[in-house]
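S.K.: Got chain F; can you put chain D on it based on the hints?
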Amino acid sequence: MMGCWILNEGLSVVLVLSWLGVNFYLFIDTFCWYEKEESFHYTRVILGSTLAWARASALCLNFNCMLILIPISRNLISFIRGASICCRGPWRRQLDKNLKFHKLVAYGIAVNATIHVVAHFFNLERYHWSQSEEAEGLLAALSKLGNTPNESYLNPVRTFPANTTTELLRTIAGVTGLVISLALVLIMTSSTEFIRQVSYELFWYTHHVFIIFFLSLAIHGTGRIVRGQTQDSLSLHNVTFCRDHYAEWQTAAQCPVPQFSGKEPSAWKWVLGPVVLYACERIIRFWRFQQEVVITKVISHPSGVLELHMKKSGFKMAPGQYILMQCPAVSSLEWHPFTLTSAPQEDFFSVHIRAAGDWTAALLEAFGAEGQALQEPWSLPRLAVDGPFGAALTDVFHYPVSVCIAAGIGVTPFAALLKSIWYRCSEAQTPLKLSKVYFYWICRDARAFEWFADLLLSLETRMSEQGKTHFLSYHIFLTGWDENQAVHIALHWDENTDVVTGLKQKTFYGRPNWKNEFKQIAYNHPSSSIGVFFCGPKALSKTLQRMCRFYSSADPRGVHFYYNKESF
Amino acid sequence: MGQIEWAMWANEQALASGLILITGGIVATAGRFTQWYFGAYSIVAGVFVCLLEYPRGKRKKGSTMERCGQKYMTAVVKLFGPLTRNYYIRAVLHLLLSVPAGFLLATILGTACLAIASGIYLLAAVRGEQWTPIEPKPRERPQVGGTIKQPPSNPPPRPPAEARKKPSEEAAAAEGPSAGPQTNPIPVTDEIV
Numbered sequence: 248m249m250g251c252w253i254l255n256e257g258l259s260v261v262l263v264l265s266w267l268g269v270n271f272y273l274f275i276d277t278f279c280w281y282e283k284e285e286s287f288h289y290t291r292v293i294l295g296s297t298l299a300w301a302r303a304s305a306l307c308l309n310f311n312c313m314l315i316l317i318p319i320s321r322n323l324i325s326f327i328r329g330a331s332i333c334c335r336g337p338w339r340r341q342l343d344k345n346l347k348f349h350k351l352v353a354y355g356i357a358v359n360a361t362i363h364v365v366a367h368f369f370n371l372e373r374y375h376w377s378q379s380e381e382a383e384g385l386l387a388a389l390s391k392l393g394n395t396p397n398e399s400y401l402n403p404v405r406t407f408p409a410n411t412t413t414e415l416l417r418t419i420a421g422v423t424g425l426v427i428s429l430a431l432v433l434i435m436t437s438s439t440e441f442i443r444q445v446s447y448e449l450f451w452y453t454h455h456v457f458i459i460f461f462l463s464l465a466i467h468g469t470g471r472i473v474r475g476q477t478q479d480s481l482s483l484h485n486v487t488f489c490r491d492h493y494a495e496w497q498t499a500a501q502c503p504v505p506q507f508s509g510k511e512p513s514a515w516k517w518v519l520g521p522v523v524l525y526a527c528e529r530i531i532r533f534w535r536f537q538q539e540v541v542i543t544k545v546i547s548h549p550s551g552v553l554e555l556h557m558k559k560s561g562f563k564m565a566p567g568q569y570i571l572m573q574c575p576a577v578s579s580l581e582w583h584p585f586t587l588t589s590a591p592q593e594d595f596f597s598v599h600i601r602a603a604g605d606w607t608a609a610l611l612e613a614f615g616a617e618g619q620a621l622q623e624p625w626s627l628p629r630l631a632v633d634g635p636f637g638a639a640l641t642d643v644f645h646y647p648v649s650v651c652i653a654a655g656i657g658v659t660p661f662a663a664l665l666k667s668i669w670y671r672c673s674e675a676q677t678p679l680k681l682s683k684v685y686f687y688w689i690c691r692d693a694r695a696f697e698w699f700a701d702l703l704l705s706l707e708t709r710m711s712e713q714g715k716t717h718f719l720s721y722h723i724f725l726t727g728w729d730e731n732q733a734v735h736i737a738l739h740w741d742e743n744t745d746v747v748t749g750l751k752q753k754t755f756y757g758r759p760n761w762k763n764e765f766k767q768i769a770y771n772h773p774s775s776s777i778g779v780f781f782c783g784p785k786a787l788s789k790t791l792q793r794m795c796r797f798y799s800s801a802d803p804r805g806v807h808f809y810y811n812k813e814s815f
Numbered sequence: 372m373g374q375i376e377w378a379m380w381a382n383e384q385a386l387a388s389g390l391i392l393i394t395g396g397i398v399a400t401a402g403r404f405t406q407w408y409f410g411a412y413s414i415v416a417g418v419f420v421c422l423l424e425y426p427r428g429k430r431k432k433g434s435t436m437e438r439c440g441q442k443y444m445t446a447v448v449k450l451f452g453p454l455t456r457n458y459y460i461r462a463v464l465h466l467l468l469s470v471p472a473g474f475l476l477a478t479i480l481g482t483a484c485l486a487i488a489s490g491i492y493l494l495a496a497v498r499g500e501q502w503t504p505i506e507p508k509p510r511e512r513p514q515v516g517g518t519i520k521q522p523p524s525n526p527p528p529r530p531p532a533e534a535r536k537k538p539s540e541e542a543a544a545a546e547g548p549s550a551g552p553q554t555n556p557i558p559v560t561d562e563i564v
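The listed protein sequences correspond, in order, to chains F and D.
Everything in the first sequence is counted per the numbering used here, starting at 248 for the first residue and increasing by one.
Everything in the second sequence is counted per the numbering used here, starting at 372 for the first residue and increasing by one.
Chain F extracted, bound-state conformation (with noise of 0.2 angstroms):
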């Protein structure tokens, strides 16, 4: 059991320790160099170690930065999913994380961000005071120095003003500190769960001012305020003796007057890279949006679901993936993602949309489907489509047993699946690896049925015309009914088929034992690899994922169940 847990959760551990690894390297070692380092034993005299705590901060901050966008650039990692074939198993299954690593660099960045922030209010009070009457010796010394001709300066506060904000406002590091400060303040607060829930416009929207976050990031540095000595300085000008004889800098020849110089910016060296690529992600994007769709079938569901069939050149799909739809005629700027319910082997491809906010609610409107009459090819709006982009359930296949646990809405990337799994079994001549598919549909309103009752009719009659009633075994649960419906099922007990879906398995009432499920696959298939997909709410995963380890046996030839969850 601890072999299946370390396996399964292992890699995303050792990739996170990893980058926190990372993190810490870098910090340490930077903070270490800005403690020690000669060319800047002067500056460590007026600002103490907040100068060190600063730059090592902001070293982490450049390599997160670097980092963040990565994870959400979809195609590139559709592309890695794709063409690496030896990337089998827990690697492919770290890339369906991508959205939690986005998170946990944002996390970063922002404990990052608050220690920076926090030194540099300390660095710009301690340069301030040093240009006060009150600052005597070494420090007052290394204040004026500047204020001749062929002097360089170290303080960037030049005179003793009436309040740091106005010089925090003076310099250019300052002002970009500030945007990029509260560009991250409300990037994050729009990003919470909470408000993803209530508007998913808002964070979409709000999120976009990345942009002014990475451009201020890119010219922060330009003020060069951070100042060294330099090496030419530091070869004439003997650290350790002459700051103790600041008093003769003018004069004496030992030691002549140090000269500082700023340090580069850095900062957009680290974010270039994946700012372009970011950049031709969202070209692609643009690109595919000026690729046309064919809308070829428009279907209204009555539970308040629209099925779109829709055709596009060079357009391939495997089973489980999303796409991302615009539709201008309801929002120009907004892209929304929805699985893919149609098998690769059809001739187009299909997406059941339903109302759950504003922009489906919408879409729903502008396609007729509160109504009334048919429409016209020509007077459907116009759509765009991105994608696909890879899932988790294109691995289906690879197990030899899967069970696909499904709940409510969550069904849509199973029904692309068992369409494939049927087209697949039809096609005699390849054999497949998969050789049984469990499916658990839960369910509360049974009105939700009707447009996947179809299909699982459908492959019913199919699998028992070939001869293959044991491949694929599914059981409904219904979760949600009154007491009408219970009146009624009662009465049917004893039937063939199924009251309310016609199906020949019947549905279960109430919520799956599970203990009793996967004990009863276990016992199916003592040594098998099992794949466990789901698609469905927070709660039940963690219990699915307490079930595949607590069923997984310890030895390795043993069954062996792995999980796997798709999210949006």
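Note that these hints are calculated values from the structure, not bench results.
Among the hints, erroneous ones may be present.
List of simulated lysine-lysine pairs, BS3-like, C-alpha gap at most 27 angstroms [stated by the list, open to error]:
1) D:Lys442 to D:Lys431
2) F:Lys350 to F:Lys789
3) F:Lys785 to D:Lys508
4) D:Lys429 to F:Lys785
5) D:Lys508 to D:Lys432
6) D:Lys442 to F:Lys785
7) F:Lys789 to F:Lys347
8) F:Lys680 to F:Lys344
9) F:Lys715 to F:Lys680
10) F:Lys344 to F:Lys510
11) F:Lys680 to F:Lys347
12) F:Lys283 to F:Lys563
13) F:Lys715 to F:Lys350
14) F:Lys785 to D:Lys432
15) D:Lys431 to F:Lys785
M.R.: Structure of chain D alone, referenced to chain F:
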């Protein structure tokens, strides 16, 4: 974008601003910066804003996720009635609170964030949103005897449920041959809902 409840975002933004104000205030006071008393003010203002904004308001439609343990603050915030319900007042309050913190460098970020939150609250107020407390739903007492059905009071053969749904006057008026609805010696109440 038409149906965004701006107040929800304003609430998150204001809560974040409160935390930033507290952090900036602590930095300024601990470091004894010049004019550090603004830092002390900032801590107090930050705590006040956090307490005020902690209880999330109820969404107009859909269910609202409560913050952990918010029901105690909800009770306190509810006490102030229109002062806390109205978002215009909150917008002005946040704007006023943010101004003094703007004089100190360490808290300027808090000022900017709180000012933005104030702006979003103003937008929410203009669109007519209001703060409604999230009340716990009263526990439904199981009604004893509510689900007990009366046994059928007429002897068999009984017509099916659908026929019995017809109003009793119609049944009484259509007296006639036994093929019609049964006339009952004692009145029958419709028991199937």
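S.K.: Each hint: holds or not?
M.R.: Here is how each hint holds up against the structure:
no.	hint	verdict
1	D:Lys442 to D:Lys431	holds, 19 angstroms
2	F:Lys350 to F:Lys789	holds, 20 angstroms
3	F:Lys785 to D:Lys508	holds, 24 angstroms
4	D:Lys429 to F:Lys785	holds, 23 angstroms
5	D:Lys508 to D:Lys432	holds, 16 angstroms
6	D:Lys442 to F:Lys785	holds, 25 angstroms
7	F:Lys789 to F:Lys347	holds, 16 angstroms
8	F:Lys680 to F:Lys344	holds, 26 angstroms
9	F:Lys715 to F:Lys680	holds, 15 angstroms
10	F:Lys344 to F:Lys510	violated, 37 angstroms
11	F:Lys680 to F:Lys347	violated, 31 angstroms
12	F:Lys283 to F:Lys563	violated, 58 angstroms
13	F:Lys715 to F:Lys350	violated, 45 angstroms
14	F:Lys785 to D:Lys432	holds, 22 angstroms
15	D:Lys431 to F:Lys785	holds, 25 angstroms
In this structure, the hints that do not hold are numbers 10, 11, 12 and 13, in rising order.
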